[in-house]
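Visitor: Protein chains in written order, with this note's numbering: chain B, 2 to 199; chain F, 2 to 199; chain D, 2 to 199; chain U, 2 to 199.
Hints in this document: simulated from the structure, not taken from any laboratory. Certain hints may be false.
For chains that are exact copies, the list does not tell them apart, and a pair is met inside one copy or across any two.
[Claimed, not checked] Listed below are the simulated BS3-like cross-link pairs for lysine-lysine, each with C-alpha atoms no more than 27 Å apart in a straight line:
no., residue 1, residue 2
1, K3, K146
2, K139, K27
3, K129, K146
4, K27, K4
5, K129, K27
6, K38, K70
7, K129, K38
8, K148, K38
9, K27, K70
10, K38, K4
11, K3, K139
Fair warning: this is a prediction, and the values are worked out from it, not measured in the lab.
Number of protein chains: 4
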Amino acid sequence: MKKTRFEAFSDGVLAIIITIMVLEIKVPHGERFSDLKGLIPIFLSYALSFIYIGIYWNNHHHMVSTVNKVTGGILWANLHLLFWLSLIPFATGWIGENHFAAAPMALYGAVLLMAGVAYYILQSLIIKNEGRDSLLAKAIGKDLKGKISPFLYATAIAVSWLNSIVSGIIYVIAALIWLIPDKRIESATRQNKEAGDD
Amino acid sequence: MKKTRFEAFSDGVLAIIITIMVLEIKVPHGERFSDLKGLIPIFLSYALSFIYIGIYWNNHHHMVSTVNKVTGGILWANLHLLFWLSLIPFATGWIGENHFAAAPMALYGAVLLMAGVAYYILQSLIIKNEGRDSLLAKAIGKDLKGKISPFLYATAIAVSWLNSIVSGIIYVIAALIWLIPDKRIESATRQNKEAGDD
Amino acid sequence: MKKTRFEAFSDGVLAIIITIMVLEIKVPHGERFSDLKGLIPIFLSYALSFIYIGIYWNNHHHMVSTVNKVTGGILWANLHLLFWLSLIPFATGWIGENHFAAAPMALYGAVLLMAGVAYYILQSLIIKNEGRDSLLAKAIGKDLKGKISPFLYATAIAVSWLNSIVSGIIYVIAALIWLIPDKRIESATRQNKEAGDD
Amino acid sequence: MKKTRFEAFSDGVLAIIITIMVLEIKVPHGERFSDLKGLIPIFLSYALSFIYIGIYWNNHHHMVSTVNKVTGGILWANLHLLFWLSLIPFATGWIGENHFAAAPMALYGAVLLMAGVAYYILQSLIIKNEGRDSLLAKAIGKDLKGKISPFLYATAIAVSWLNSIVSGIIYVIAALIWLIPDKRIESATRQNKEAGDD
């Protein structure tokens, strides 16, 4: 199975997910800036989700670049990941429309948690296929970010019932942690290339 | 005609079909979990259709990988397949909104049946072009899955008038059968490669 | 300028145009087949436009495959073509919702006419750049289809005020003419390849 | 990191942005040409934004073609650019629905200004990575267009409170300036290739 189409399909789905979220920001009927006021929470939740999808695209890109062979299992694990990510626009719209209320904030965290689990399954499957000495296995190392994230999401879900603003701050922090691109794989790939060039 | 653009266009259409379905899950106005209750059938029908489009993408991917030459006939057979698949979001929305009522369930089966027929036409055309000794012809073999599926869809359509839940279960079973990736083509490709390497 | 991205962007836009049209087929609230009755004209106009976009994609694909160098002019002529094609979903929705009334039918023809003109400009520009002895120039030949189509669209626009059904039949005929893939370019490309192989 | 996927994702997002704008042109209920009258400002704003996204795609394409290595920083600068561009459909819908009123016109300019800033950041980052003697640095030269544009947008924003039509004319002029494809990079690439061929 060629990796090109696997990547092209994932890129297409992620590009659509990141863009259709903007359709939730409905054009207001009024013509004054004050008419945009009600859209502020929708805009903020859009920006946060845009960053999350960006992070997933970035990490997905790095991870798949280490794959040599796309098996049926990897393909379905990838679709499983895309399924949860495809629910982010819905969760984003719900928190935006309800001004960060408790239940929407908890659902948002649940979708992120499920996407995180799906990503972990995909990653594990790739490492299993490519071997423990593979590029990805080395690059991931202890996978600190991957271990902290679900813990942060779970905390945010629990906290949302007490104070949904704190919950929102945790989602922002969890995003910022990942915003730093995965230098581990980037540098591992470079070392590998240099080794291969010798 | 280059295969790259043929694949890219199909990937694009399938990626959009699989993603716009999520727009049917309309954000509820309420802010409580109980407000999501009405969305459960819509969510379930979305998940089922997501799997079906995933299956089609997967099989399409495998099948096209065996094609050496894209003719005008293959191109239009492919557009014919994409046409029926593009109606899945509509059928999905209808069964979701009407809580798996008889007519929507029958229509859903009819769309799946037509997509199955379109897939069969495309497959036959490719085999005709590539020859009976081609990779695809060997890989397909007796094509058991392809023969059972339309029978299952037809049964589900008939059953939907008696009990639409049973009809739904049949659709789930028909999906599960295909969920297993087409190892036949995968292994045939591998053997071919090894033979070619010799 | 690389042709890959030029093709990828065109494929993306065409894939989206062909798919978002389906969003016009709104899910009915009722759960009986009779509730679908009002959707029949929308469905028919969708099927016709699907074929038209399919034709454009097919011809675009063939034409661009003969291009060696994408200039700024070609790029903008292509965007001009995509602009008119992007209005097809709107025109399709309007004829569907008004059961093939006169004005919508005329507008549909006008959009097709403008798209045809834009295609002709793009084609002329490519031939001008590639030279009169180029592959495309030879393949097009007398360009009978290209000359008949605008005449058919203009006739259908005029006729729509008298009898919009006749107008619709002309659109179907104009599509059927193009449905036959452009064997001219296909065979010219093959001959060229064989000549190159010698 | 491979440039292919970076380009494919950007192409996907830009193709979706340019196409979903057309969804703002809602199908009217009436069946006469006079029913389209209210859509004229929406159509005009759509055409303008289509050109703007076309310009961005064109320049993005030229710029990225000079990149040898996609770093994490470039990737996020690119997502930052796509974020602002993704707000163009919203701003377009707002000006269209309010017949070029003051606040919508100012917001439109603000989004264009932010996209311009994001483009400048991306460009600077690429030049920084590729070196001051790089192809892009040479091609950009004094970057007159890039320097005039933000000034024009800022003027249009200020003017929109006095006369929003003048503001609209400035946006059209700012687009026309860019409509001329970036021959600088095109010619620089060609020279480079010829030099490399020697």
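Visitor: Now tell me if each hint is right for this structure.
Guide: A quick look at each hint next to the structure:
In this assembly of identical chains, the alpha carbons of K3 and K146 lie at most 27 Å apart only when taken from different copies (24 Å versus 30 Å within one copy). With identical chains, the CA atoms of K139 and K27 are never at most 27 Å apart, being 45 Å at best within one copy and 43 Å at best between copies. With identical chains, the CA atoms of K129 and K146 are at most 27 Å apart within one copy only, with a shortest distance of 20 Å there and 29 Å across copies. Proximity of K27 and K4 under a CA criterion of 27 Å is satisfied in neither setting, with 37 Å inside one chain copy and 34 Å between copies.
Taking the shortest Cα distances, K129 and K27 never come within 27 Å of each other, neither inside one copy (45 Å) nor across copies (39 Å). In this assembly of identical chains, the alpha carbons of K38 and K70 never lie at most 27 Å apart, being 50 Å within a copy and 41 Å across copies at closest. Neither within a single protomer nor between protomers do K129 and K38 lie at most 27 Å apart by alpha-carbon distance, with minima of 50 Å and 39 Å respectively. For the homomeric pair K148 and K38, neither the shortest alpha-carbon distance inside one copy (38 Å) nor that between copies (32 Å) is at most 27 Å.
Taking the shortest alpha-carbon separations for K27 and K70, neither the intra-copy value of 43 Å nor the inter-copy value of 38 Å comes in at or below 27 Å. For the homomeric pair K38 and K4, neither the shortest alpha-carbon distance inside one copy (45 Å) nor that between copies (40 Å) is at most 27 Å. For the homomeric pair K3 and K139, the shortest alpha-carbon distances inside one copy (24 Å) and between copies (20 Å) are both at most 27 Å.
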